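**Student:** Dock chain B against the given chain A, drawing on the hints supplied.
Protein chains: 2
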Amino acid sequence: MADLFFPDAGLVRETLEPGRVSRVVRARGGGLMMVEVLFEGGAAGAEHRHAHEQVSYCLAGAFQFTVEGETRTLKTGDSVFIPASALHGTLCVEAGRLLDIFTPQREDFLD
Amino acid sequence: MADLFFPDAGLVRETLEPGRVSRVVRARGGGLMMVEVLFEGGAAGAEHRHAHEQVSYCLAGAFQFTVEGETRTLKTGDSVFIPASALHGTLCVEAGRLLDIFTPQREDFLD
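As given, the protein sequences belong to chains A and B, one line each in that order.
Quick note, the first sequence lines up with residues 0 to 110 if you use numbering that gives the first Met the number 0.
Quick note, the second sequence lines up with residues 0 to 110 if you use numbering that gives the first Met the number 0.
The following block holds chain A by itself, in its conformation from the complex (with noise of 0.2 angstroms):
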């Protein structure tokens, strides 16, 4: 059976941006991935387009997240969902972190 339990102490925190952003990818399988993404205050998620849908969750801190030009802060708590191809990006205005999940796998983030 493949792995199905993802202990937060195995996993791999990568660097996007030295000392600005990172990511560590979570559970995954079948169609679903769950990726952290952690930022520090004033750095950005570029706007970018995907195939794939996804949720976000704010585990911590603040964050100016747009979608197809609306743009709302998100705190703890706050989610938001991105529909396939949705032109989003992200400013974190408060040091945090990210939990995106997406349908099907960003096999981009497998290399």
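Rather than coming from a laboratory, the hints here were simulated on the basis of the structure.
Treat the numbers as computed from the prediction; the structure is a model and nothing was measured.
One should not assume that every hint holds.
Here are some chain B residues pointing at chain A (derived, C-beta under 7 angstroms) [as the list claims (entries may be wrong)]: (1) Phe4; (2) Arg25; (3) Gly29; (4) Val66; (5) Gly76; (6) Asp77; (7) Val79.
Ideal placement from N, C-alpha and C gives every residue a C-beta, glycine not left out.
**Tutor:** Just chain B now, with coordinates in the frame of chain A:
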């Protein structure tokens, strides 16, 4: 455009077992649904199966989590993948919260 943003403050907390287990449906759309489940210590989510794939993230507390006969303890930051139709359940051993994401959406949670 359907709602994309799901501020915590605007969501309904539904009691499943009075004083023991409650649920908040968070961001959802397309093939994704995010649901937070709040447990008191000693409360259980009885073993069950569903056709939906699921990933779960431990937001707080501690849970004995069983999938297809394999049991592990989940603490904050730990996560698990539940394949479609896999038998799974949990016992909360320290009051806490799980963030469950399903594909497709759990239409049975919307009644």
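**Student:** So, for every hint listed, does it hold in this structure?
**Tutor:** Verification of the hints:
Interface restraint check: B:Phe4 against chain A, minimum CB-CB distance 5 angstroms, threshold 7 angstroms, status holds. Taking 7 angstroms as the C-beta cut-off, the interface hint given for B:Arg25 holds, the closest approach to chain A being about 4 angstroms. The criterion of a C-beta within 7 angstroms of any C-beta in chain A is met by B:Gly29, whose closest approach is roughly 4 angstroms, and the hint holds. With a least beta-carbon distance of about 5 angstroms to chain A, the hint placing B:Val66 at the interface is held under the 7 angstroms criterion.
The restraint placing B:Gly76 at the interface with chain A holds, with a minimum CB-CB distance near 4 angstroms, inside the 7 angstroms limit. Interface hint status for B:Asp77: upheld, as the beta-carbon distance to the closest one in chain A is roughly 5 angstroms, under 7 angstroms. Checking B:Val79 against chain A by beta carbon gives a least distance of about 5 angstroms; that is within 7 angstroms, so the hint holds.
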